[in-house]
Structures are given as C-alpha cells and as structure tokens.
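Protein chains: 2
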Amino acid sequence: MIKVSINGYGTIGKRVTDAVLNQADMALVGVSKTTPNFEAFQAYKKGIRIYVPKESQKEFEEAGITPSGFIEDMIKESDVVVDATPNGVGAQYKQLYTSMRKKAIFQGGEKPNVADVSFSALCNYDEAVGKNYVRVVSCNTTSMLRTLCTLNKVSKIQKVRGTIVRRAADPKEVKRGPINAIVPDPPSVPSHHAKDVNTVLKDLDIVTMAVIAPTTLMHVHLLDVTVSDPVSKEQVLEVLRNTPRLSLVSGKSKVTSTAEIIELSRDMGRYRNDIYEVVIFEDSVSTRGNEIFIMYAVHQEAVVVPENIDAIRAVSGFSDKTKSTEMTNASLGIRPGYLV
Amino acid sequence: MIKVSINGYGTIGKRVTDAVLNQADMALVGVSKTTPNFEAFQAYKKGIRIYVPKESQKEFEEAGITPSGFIEDMIKESDVVVDATPNGVGAQYKQLYTSMRKKAIFQGGEKPNVADVSFSALCNYDEAVGKNYVRVVSCNTTSMLRTLCTLNKVSKIQKVRGTIVRRAADPKEVKRGPINAIVPDPPSVPSHHAKDVNTVLKDLDIVTMAVIAPTTLMHVHLLDVTVSDPVSKEQVLEVLRNTPRLSLVSGKSKVTSTAEIIELSRDMGRYRNDIYEVVIFEDSVSTRGNEIFIMYAVHQEAVVVPENIDAIRAVSGFSDKTKSTEMTNASLGIRPGYLV
Chain A
2 MIKVSINGYG TIGKRVTDAV LNQADMALVG VSKTTPNFEA FQAYKKGIRI YVPKESQKEF
62 EEAGITPSGF IEDMIKESDV VVDATPNGVG AQYKQLYTSM RKKAIFQGGE KPNVADVSFS
122 ALCNYDEAVG KNYVRVVSCN TTSMLRTLCT LNKVSKIQKV RGTIVRRAAD PKEVKRGPIN
182 AIVPDPPSVP SHHAKDVNTV LKDLDIVTMA VIAPTTLMHV HLLDVTVSDP VSKEQVLEVL
242 RNTPRLSLVS GKSKVTSTAE IIELSRDMGR YRNDIYEVVI FEDSVSTRGN EIFIMYAVHQ
302 EAVVVPENID AIRAVSGFSD KTKSTEMTNA SLGIRPGYLV
Chain B
2 MIKVSINGYG TIGKRVTDAV LNQADMALVG VSKTTPNFEA FQAYKKGIRI YVPKESQKEF
62 EEAGITPSGF IEDMIKESDV VVDATPNGVG AQYKQLYTSM RKKAIFQGGE KPNVADVSFS
122 ALCNYDEAVG KNYVRVVSCN TTSMLRTLCT LNKVSKIQKV RGTIVRRAAD PKEVKRGPIN
182 AIVPDPPSVP SHHAKDVNTV LKDLDIVTMA VIAPTTLMHV HLLDVTVSDP VSKEQVLEVL
242 RNTPRLSLVS GKSKVTSTAE IIELSRDMGR YRNDIYEVVI FEDSVSTRGN EIFIMYAVHQ
302 EAVVVPENID AIRAVSGFSD KTKSTEMTNA SLGIRPGYLV
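Sequence order for the protein chains is A and B. Read in order, the letters of the first sequence correspond to residues 2 to 341 in the numbering used here. Read in order, the letters of the second sequence correspond to residues 2 to 341 in the numbering used here.
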C-alpha cells in the first residue's frame with residue numbers, strides 16, 4: 002500500500018485525490034489547503050483529512066474545519082507527496098520533501114529541473130521507475146505526447162508542426178481573462194510546448210505556436226505530423242481507436258465542438274464532467290503522403306490525472322508499465338475507442 | 002405506477018427523464034428524439050427506449066439506433082406525457098395528446114393558454130390536481146415563485162420590483178449569442194417574467210426588467226420585495242434556510258459567483274452538475290423597514306425538474322402536496338439549508 006498525500010487541493014489536487022482514493026494499491030494520508038474555501042468544506046464533508054500551514058490553523062477552526070495537523074505532519078506520514086501547489090511553489094516545497102526524504106510528483110507548471118525526469122506514461126514510464134522526483138508534464142504536453150507516441154507506432158515521426166489554441170481560464174476562475182480577445186501566447190515561436198515535449202522525446206523536430214482563446218472548457222490542438230512512410234487515414238484511425246487515453250468523437254454523433262464534448266461527459270455521468278482522454282475529432286484525421294493531420298481537444302482540468310497515478314507507482318518502484326496503466330485506466334473508466 | 006413518456010429529449014427532457022427513473026411511483030415508457038445525435042446515443046446506451054417520427058426511422062437505423070416505435074406508439078402507452086419539445090411545438094402536439102386522451106405537462110416556453118393551469122409546486126400545487134393539461138412555468142418564473150411564496154410566509158408581499166440577468170445560451174449551444182454584449186431583453190418594461198408570475202400569483206403587483214449577459218452557467222435575479230410589516234434580516238434568513246428547493250451560499254465559504262456555484266456542484270458529484278435549488282447569495286439578503294433585498298442564481302437547465310415531477314403526480318390525482326414535494330426532494334437529494 003503506497004501512502005500518498007496531496008499538497009495543494011485546487012483544480013489538479015482535488016482530482017488526483019479522488020483518483021488516489023480509487024486505487025487498490027494506494028492509501029490517502031490527506032490533503033493540504035491554505036484557505037477554508039468551498040473546496041476545503043466539501044473535502045471535509047467527504048471525510049478527507051485536511052492539513053494546513055501553521056498560520057492558517059485559526060482561520061480554519063473559526064470556519065468550522067478542524068485540521069488533522071500541519072502540512073509537515075502530512076508529509077511525514079507519506080511515502081509519496083503529489084505536489085499540486087501553484088506554479089513555482091512546488092520548487093520551494095522541494096527542500097522540505099528532500100529534508101524529509103520523501104519522494105515527490107511535481108506538475109508541469111514547475112521547471113523541468115525540479116525533477117529527475119519529466120514524465121508521460123505512454124512514452125517513458127520506465128525512466129521514472131524508482132526515481133525520487135518526477136514531473137508530470139502539463140496538460141497540453143501530456144496530450145501531445147500521448148498522441149505522438151501513439152502515431153509513432155504507425156510510422157516513425159520525422160517532424161511535428163503544431164498549433165495550440167488554449168482555453169483562457171478554468172471554469173471556476175472568475176478573475177482571469179481574456180474574455181474577448183485571441184492572444185498569441187507567446188507571440189514568439191516556438192511556444193514552450195515544443196520545448197516541453199523535448200523534455201521527454203529529446204531529439205524530436207517539433208515547433209509549436211500557441212494562442213489563448215476566450216473559453217473555459219478545453220484546449221484544442223491542430224497538428225501536422227510528418228512520418229517516415231506514406232500512411233493511410235485508416236491505418237492511423239485503427240491505432241488511435243485501439244489506444245486507451247485517446248478517445249474519438251465522430252461527426253455522425255454530431256459532436257462538433259468542445260461544448261458538445263463536455264455536454265456528453267455530463268450526460269455520461271463523469272464526476273465533475275472530467276475527461277481523462279485526449280478527445281480526437283475523427284473527421285479531422287487525414288493523411289497526405291507521409292503527413293498526418295489531426296485535431297483533438299484536451300480537458301485541461303483532468304487529462305493529467307492518469308499520469309499522476311502512474312507516476313506515483315513508478316517512483317514507488319512498480320516497474321510494470323502495462324500493468325500500471327491498465328490499473329489506472331480501469332479505476333477511472335478509461336477505455337479505448339469512441340467516447341459515445 | 003404512473004406511466005410517463007418524455008416528448009423531446011433535449012436540455013429539459015433528458016433531465017426529467019432521469020428524474021422520472023428515480024421515482025418509486027413512476028415508470029418510464031420512453032423518450033422521443035428527432036435526430037440521432039450524441040444525446041440519443043447516450044440514452045440508447047443507457048437502455049432507454051427511443052421513439053422517433055416516421056420520417057426519421059431510417060436515419061436512426063443507419064446511425065445504429067433501433068427505435069422502439071413511433072412517437073404516437075409512445076404516447077399511446079403513457080398515462081402522462083411530459084412535453085419538452087422546443088418552444089411553441091408543444092402547442093402543436095397538444096392536438097395529438099387530446100385526440101389520444103392523454104394528460105400532458107407543458108414547459109414554460111409554451112403560452113399559458115396551452116394548459117388549464119400554470120404551475121409552481123410551492124405556490125399552487127392544489128390547483129393542478131386532476132387537471133388534464135398543466136404548464137410548468139419557465140426556469141426564471143419557477144425560481145421567482147419559489148422565492149416569493151416563501152418570503153410571503155415572513156410577511157405578506159405588497160409589491161415586487163426585480164431585475165433578471167439571463168444567461169445567453171446553455172452550455173451545449175454553440176450557435177447562440179450574445180458572446181460580447183449585454184442585451185436588454187426586451188428593452189420594454191415589464192419583461193414577460195412579471196406577467197408569467199401573474200399566471201400563478203394573479204393579483205401580485207410585480208414589475209421585472211431583464212437583460213441577457215454573455216455567460217452559459219446560470220441566471221441571476223436581483224429582487225426588491227416590499228412586504229406588509231417591517232422585517233429583520235434574521236427573520237428572512239430563517240425562513241429561507243428552512244425551505245427545501247431554496248439553498249444558500251455564504252461568503253464565508255468563498256462562493257462569490259455563478260462559476261463557483263457550478264464548481265461546487267461538480268465537486269458535490271451532482272449528475273451533470275445540476276442544481277435543482279434556487280441558490281441564494283446569503284450576504285445579499287438584507288432588509289430596510291418593510292423592504293427585502295435578495296440576489297440569487299438559477300441553474301436554467303435543472304431548476305424546473307422537481308416541478309415537472311410534482312406536476313406529473315398532480316395531474317394523476319395525487320392530492321397531497323407535502324407528500325409529493327417530499328418524495329421529489331428525497332429522490333433528487335434536495336435538502337434545505339446551505340449548499341456547502
């Protein structure tokens with residue numbers, strides 16, 4: 002039984018928490034929270050142990066939440082800490098994890114050098130086995146890596162040119178924009194996503210450009226992938242259809258946008274309408290000689306959850322990648338094929 | 002056992018369907034659908050019988066959905082039809098319901114004269130008992146009526162002046178706007194909401210003004226209610242806290258917007274993040290002499306679901322209002338008090 006704690010209970014932290022609770026081989030120590038907001042109340046009502054910074058104890062108690070202890074107490078009880086603190090805060094916490102000799106999983110908002118290895122379960126699980134510090138790459142990079150490591154099975158990838166249309170804010174964020182502009186982000190080329198892909202696929206020729214669009218639901222990627230040999234659309238689709246963590250939607254079922262994908266997820270009864278899979282618009286998949294074109298959507302709140310779970314197993318010494326990803330997929334209801 | 006069919010399986014229809022499946026005293030005959038979109042596929046995968054117009058049969062079969070029959074077959078098997086067809090289509094279907102001697106529940110998008118009575122469970126359940134045709138008023142009117150019939154218990158209402166800030170489109174709607182404007186709708190005064198409240202509370206002095214804002218999540222109402230006697234904020238809050246179908250959120254839990262209300266609903270694991278309750282911003286509740294001020298949010302996709310269920314019972318001759326609303330509330334997880 003791997004004892005896991007979650008440092009930071011926001012968008013990613015609360016989802017990894019619920020996923021940990023679903024694993025047969027993991028036990029949740031607790032979660033840390035700095036402010037007694039509705040997420041803290043909801044966790045407390047669910048019976049989850051909450052650990053707080055010393056200076057916040059009084060505020061929590063006055064709000065009616067009795068902390069189980071301080072963050073240091075939580076880390077002490079853990080085999081692995083999943084750091085889901087805001088971007089850059091994880092690097093500050095690393096000193097604590099190191100001094101307490103605890104393994105830690107960081108998120109993609111941290112710089113790559115925070116960890117021994119940047120991680121994508123479908124691409125380089127083996128490299129993370131037994132390591133002390135692993136960084137799960139960002140939602141965009143995770144999705145691109147899943148797709149590229151899958152397309153690489155059809156024919157070896159030579160070159161990737163991609164556009165990333167990012168959502169502006171998460172659904173719960175009421176103070177972030179833009180709400181009425183499309184923002185090149187960054188206006189320079191390449192965007193950091195290509196560099197982040199290179200932290201895992203080190204020699205890949207990849208250039209990405211990114212803009213932010215005024216929406217909260219999902220990101221969308223538009224990729225042009227050059228492979229070694231001419232390939233047919235049917236060859237590509239067959240591999241995509243057989244890979245868990247990739248899912249397809251078809252124009253036949255009239256799913257034509259990120260809005261309808263999220264609506265479908267709501268109808269499916271997914272908790273928090275979370276979509277762990279990269280969702281490929283099937284009708285976009287096409288080929289021209291040895292070029293593959295593809296468009297897919299990324300649920301930024303949820304897509305890295307399976308990789309966090311696999312990373313916990315990997316650092317704990319669980320060396321069977323296939324078994325780990327199968328356990329994770331089964332626990333989260335992830336199957337290959339069509340979303341509906 | 003009341004045999005119920007749902008004519009129209011869109012935003013409201015699919016939610017009433019799931020609520021009917023949760024009632025111990027109801028059996029679902031099936032649902033009708035005109036296009037084999039993802040909602041139809043999802044219903045079919047859940048084992049729900051789907052009935053189609055004659056001219057759509059081939060399209061459904063080609064898409065892989067075998068209809069259980071035509072819409073007329075579905076209505077024939079039913080005791081009560083819930084009409085959740087688009088605005089104005091219900092009135093056309095009424096001829097069919099009448100010719101087949103079936104009771105029907107219409108939605109607020111139909112004109113009041115489509116039915117024998119316009120319905121709000123907390124205000125006039127008794128008037129609907131045994132009737133053939135009942136119209137559940139719109140999401141905005143339903144919410145205003147719940148609130149007003151509750152405030153009326155504190156002190157008799159003399160006058161209501163209200164502003165309604167409507168959401169522009171539902172989350173799944175990708176072709177509706179505005180996405181960057183605030184639209185007086187209508188620019189004339191009063192908006193139809195006041196008239197619609199008067200279909201239930203016939204003599205109430207009420208004026209409403211409405212605008213549309215670029216958001217998909219919830220409506221917000223801002224009311225100024227004049228009552229007969231001076232009242233205290235605490236008197237008002239006590240009645241609000243004790244009324245199911247009204248729910249409060251407090252600034253203490255840092256729920257300050259419709260975005261955070263929906264996020265909370267996701268965290269709570271509500272199916273489709275549905276909120277059946279009117280959600281009152283507790284900090285907005287205030288009084289000045291015999292005036293009560295209040296702001297609350299309305300989840301337009303879900304708020305009329307409980308009233309549809311009660312209306313089915315009422316037309317079927319179930320005369321105990323308290324018992325019906327309690328059964329409905331229990332089946333949907335609706336309790337009085339704070340949302341978190």
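In short, the hints are calculated from the structure, not lab data. Hints may contain errors.
A pair holds if it fits inside one copy or across any two, identical chains being indistinguishable in the list.
[Stated by the list, open to error] Below, in silico cross-link-like pairs of lysine to aspartate or glutamate (EDC-like), each with a Cα-Cα straight-line distance of 20 Å or less: (1) K253 with E62; (2) K324 with D117; (3) K203 with D117; (4) K77 with E63; (5) K154 with D225; (6) K176 with E261; (7) K255 with D225; (8) K255 with E62; (9) K46 with E261; (10) K255 with D171; (11) K253 with E174; (12) K154 with E235; (13) K95 with E60; (14) K154 with E63; (15) K196 with D171; (16) K95 with D204; (17) K47 with E261; (18) K255 with E63; (19) K46 with D80; (20) K253 with E56; (21) K103 with E128.
Going through the hints against the structure:
1. For the homomeric pair K253 and E62, the shortest alpha-carbon distance between copies (13 Å) is at most 20 Å, but the shortest distance inside one copy (54 Å) is not.
2. Within a single copy, K324 and D117 get their C-alpha atoms no closer than 23 Å, and across copies no closer than 62 Å, so neither meets the 20 Å cut-off.
3. Taking the closest pair of Cα atoms, K203 and D117 come within 20 Å of each other only inside a single copy of the chain (14 Å); across copies the shortest separation is 71 Å, beyond that limit.
4. For the homomeric pair K77 and E63, neither the shortest alpha-carbon distance inside one copy (26 Å) nor that between copies (59 Å) is at most 20 Å.
5. Taking the shortest alpha-carbon separations for K154 and D225, only the intra-copy value of 16 Å comes in at or below 20 Å, while the best inter-copy value is 65 Å.
6. Taking CA atoms no more than 20 Å apart as the test, K176 paired with E261 passes between copies only; the shortest distance there is 12 Å, against 25 Å inside one copy.
7. Taking the shortest alpha-carbon separations for K255 and D225, neither the intra-copy value of 24 Å nor the inter-copy value of 44 Å comes in at or below 20 Å.
8. In the homo-oligomer, the alpha carbons of K255 and E62 lie at most 20 Å apart only across protomers (16 Å), although the nearest pairing inside one protomer, at 50 Å, exceeds that limit.
9. When the C-alpha separation of K46 and E261 is checked against a cutoff of 20 Å, the pair qualifies only between copies, where the shortest distance is 17 Å, while the shortest distance within a copy is 32 Å.
10. When the C-alpha separation of K255 and D171 is checked against a cutoff of 20 Å, the pair qualifies only between copies, where the shortest distance is 17 Å, while the shortest distance within a copy is 25 Å.
11. In this assembly of identical chains, K253 and E174 lie within 20 Å of each other by CA distance solely across copies; the values are 18 Å between and 34 Å within a copy.
12. Only within a single protomer do K154 and E235 lie at most 20 Å apart by alpha-carbon distance; the minimum there is 14 Å, versus 67 Å between protomers.
13. When the C-alpha separation of K95 and E60 is checked against a cutoff of 20 Å, the pair qualifies neither within a copy, at 26 Å, nor between copies, at 58 Å.
14. Taking the shortest alpha-carbon separations for K154 and E63, neither the intra-copy value of 56 Å nor the inter-copy value of 33 Å comes in at or below 20 Å.
15. For the identical chains of this complex, K196 and D171 are neighbours neither inside a copy (24 Å) nor across copies (38 Å), given an alpha-carbon limit of 20 Å.
16. In this assembly of identical chains, the alpha carbons of K95 and D204 never lie at most 20 Å apart, being 29 Å within a copy and 67 Å across copies at closest.
17. Only between protomers do K47 and E261 lie at most 20 Å apart by alpha-carbon distance; the minimum there is 18 Å, versus 30 Å within a single protomer.
18. Proximity of K255 to E63 under the C-alpha cut-off of 20 Å is restricted to the inter-copy arrangement: shortest distance 14 Å between copies versus 50 Å within a copy.
19. Taking the shortest Cα distances, K46 and D80 never come within 20 Å of each other, neither inside one copy (25 Å) nor across copies (41 Å).
20. For the homomeric pair K253 and E56, the shortest alpha-carbon distance between copies (18 Å) is at most 20 Å, but the shortest distance inside one copy (56 Å) is not.
21. In this homomeric assembly, K103 and E128 come within 20 Å of each other (Cα to Cα) only inside a single copy, at 19 Å, whereas the closest approach across copies is 67 Å.
Taken one by one, the earlier hints fail for this structure at numbers 2, 4, 7, 13, 14, 15, 16 and 19, listed in ascending order.
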